[in-house]
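Bring the two chains, given one by one in their own frames, into a single complex with the hints.
Protein chains in written order, with numbering that gives the first Met the number 0: chain L, 0 to 415; chain D, 0 to 94.
Just to be clear, a hint being listed does not mean it is correct.
Selected chain D positions facing chain L (in silico; Cβ < 10 Å) [what the hints assert, rightly or not]:
| hint | residue |
| --- | --- |
| 1 | D40 |
| 2 | Y43 |
| 3 | H58 |
| 4 | D62 |
The hints are simulated quantities; they were obtained by calculation from the structure and are not laboratory data. It should be emphasised that the depicted structure is a prediction, and the values quoted were computed from it without experimental measurement. Where a beta carbon is used, it is the ideal one built from N, C-alpha and C, also for glycine.
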Amino acid sequence: MRYSGFKILKEALSGHKGWTPAWRNPDPKPHYDIVIIGGGGHGLATAHYLASKFSQCNVAVLEKGWIGGGNVGRNTTIIRSNYLLDGNEPFYEFSLKLWEGLEQDLNYNAMVSQRGILNLIHSDAQRDAFIRRGNGMILHGAGAELLSADQVRREYPFLNFDDARFPIKGGLAQRRGGTVRHDAVAWGYARAADSRGVDIIQNCEVTGFRIENGTCLGVETTRGFIGAGKVGVAVAGNSSRVMAQAGMRLPIESHVLQAFVTEGLKPVLPGVITFGAGHFYCSQSDKGGLVFGGDIDGYNSYAQRGNLPVIEDVAEGGMALFPGLGRVRLLRMWGGVMDMSMDGSPIIDRTHIDGLYFNGGWCYGGFKATPASGWCFAHLLATDTPHDVAKAYRFDRFRRGRMIDEKGMGAQPNLH
Amino acid sequence: MIINHPLLGPCDAQEFTYLGDARLIDRPDGMAGGAEDAFYDYAYLRDNPAGEHRELWFHEQGDRSWLVVTRNTVTHEITSVELARDVARKQGRGV
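This is chain D alone, in the form it adopts within the complex (with noise of 0.2 Å):
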């Protein structure tokens, strides 16, 4: 497979770690209300589904950088790749 880095262009997915499902960028607030319940969900349960799913991808023998890329998991086929950063950015976290 080959990913489309959006500063590198079109990289080998051999170069990248694989983590699984982008909603593990929304680590819950351990201080909340709920938050047993809140993480036990985020660390283990997965929507799995046969289709397009959104993953983060690391970069690791590259730029080290991490990115959202959405990809059918049937096909293979990716149709975008984004910085995990901007995704995170747009979410209003970061700065």
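The shape of chain L in the complex, shown without the other chains (with noise of 0.2 Å):
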């Protein structure tokens, strides 16, 4: 059943009773020829793109809970392609243009709003890198502006622009950037994916692997043996746990991320803030919230909640940057669970047992790359060679030294 504008005014006057359910339930079969390990974002964008792009259907895609209830329901949804690395950047832009053409691709409203990244610069080192990442972008074609604290001043009147510690001397702007309605990407994959015969098992847990003669043949999962000719596995998060079952130790580390909403207020943020010298991002929801973010809570944890004193260090950024967030009360607040991995960059690769591929530690940046990873993750399960601007994430660049460091700040997770 495609959406529209028709088909709601149709349905409108004949009571709604023509509304379908956006995705089937069905039963495993037997065997599949790909098998996605992971319902989140990730993974339901890999099948839409395995089948409208690579023409591989016979594809499940197993979730352990319900669709949405992963990362991909648990993220601040903002979007942007403000990387500087080459094994970084070009991956990311990709992704950046395929969330303009979301919409169209998966015919659901998903609420892409290009409403502009900004990221302020508070001292003159900063502006020099800044500067530098936004002449990186310009070449890889996606765009930058550096704005002078006046021009910041003028979108952005409220912000704390003369703190002692961190005055506002600038921002550098992603004008594409923007926020994307999480749980809708969820939907519109799988209702997209499931259009095209994927079939996408909910309430099913991957219990094991079989692995026979260092080849992988299918998932033992709660509800029993399910074949396959290949296994992808995007369930960040919980990645080490997962491919502990295939006797693989990853380059990873699981820690809670915290996010924030307030109650609605009225539009007062026009785009995304990122205040990177004390680590406090924000944005407003459609609904009128806002929604911010800080540092992760800092030791390993599985646990999908948070600590108490990063809550006090987020809201601390927060009236540094924003003094009038101190009048809002704060609505909510939940922990979702991130890959760390040792360099902050994800992997997209093959592992050494045929047939079993893996695509992971997104850190806590995994939303913004989903329909690219989905598309890169695809590309390999489909042709057994990675995407171009997938090359870089790969498992050996650790033991090879070629790390993509985007931050600067070595191989130690808890750093990120």
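What follows is the structure, encoded as structure tokens:
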């Protein structure tokens, strides 16, 4: 069923009796060409692009819970491609281009809103770094704009420009960045993949891999054995746990990142702002709530809840930048479990086990990567070769010293 | 979280800096055979369990000791706290 203005009008006039479920709820078949573990944004996007771009429709997505209940429903919905390094920037720019055409591709309103993202500058050194990054972005066609303090003041007059420690000296803007309705991303991809015959199997937890003579033949699940020509793992947050079932150790630790949302306000924040020096970022949702976050909690955790000291730290960062926040009530906060990789960059690669493929290590930047991650993983699964923009995301980069260290913080996940 | 320091008693976890897996105590011998693989493993790979995890905490705002804390990564319950020095000695390291 395609959605359209005409369809909405027709349903409005006939009592809304013609709407059907957005995807089926099938039982697993005994064998698929490709099984994707993880029904989050990345897994569902992989299934959609496998079906629509690589003609692979005998595909199942296995989700241990329900669609949209993992990290795709627990993030701050920001999209951007303001990266610097060669291994990264083309990938995120590819992703942003896919976001721009997402709704037409999926026939689904994902509320893609290119309201712009602004990285604030607080020191001369930061300005130099951002000019360099902006030039990198322009060279890769992502677009960037350097704003003076006065220009920032015209757009965001309520920020604290004269903070003693971190005065605002300007900003680096990417006008094409913005936000997307995160749940709609999962639902849109699920619906689009399902319509091409992909089986989305919810409440089906993978409990082990069947590996014989170095080849993966399928997965053991809570709903029985499911055979597969190829198995792709896209379970960021739980990557280490799932891959341990295949006997692999990863360059990844799991950490909790908290996010927060306030009560609904009238429109106050036109775009996304980031305060890198204090680590705070904020946008306003279409419902009016201010959505913001900061640092990870700082120790390994699989609990989808955060600690109080980080709440205090994020609130302090927010107040330093945006004093008006002090009058706003916090509605709720939540924590998502992140794969923190050793260089802060993701992995999309084959494993040493034939037929077993891995996509993970997204740190806390997985949401913006969803379309490109899905496309590149689908490319890898379908063709056995890495996509051009994801060639750097290999397992062996740590051993070979070719890390993609975007933040320049070295091999220590708790520093990112 | 409260970490029950073996010398100082209960301390707020905020006084500490977290380093990660307690296996980082076991730095490989750079002169031994297979050192390259051993260091790759040591520097980058992690078990990352959901459940009991032995990890290193540095009492930065206290007595600057290193502790080995056994903590559940799902419930955040701490079941044992030892001085990293004692752990290393038990393994036959140090004097």
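We went through each hint and held it up to the structure:
Checking D40 of chain D against chain L by beta carbon gives a least distance of about 8 Å; that is within 10 Å, so the hint holds. The closest approach between the C-beta of Y43 of chain D and any C-beta of chain L is roughly 4 Å, which is under the 10 Å cut-off, so the hint is satisfied. The interface hint given for H58 of chain D is violated, since its Cβ lies 14 Å from the closest Cβ of chain L, which is over the 10 Å cut-off. Hint status for D62 of chain D relative to chain L: violated, with the closest Cβ pair at about 20 Å, above 10 Å.
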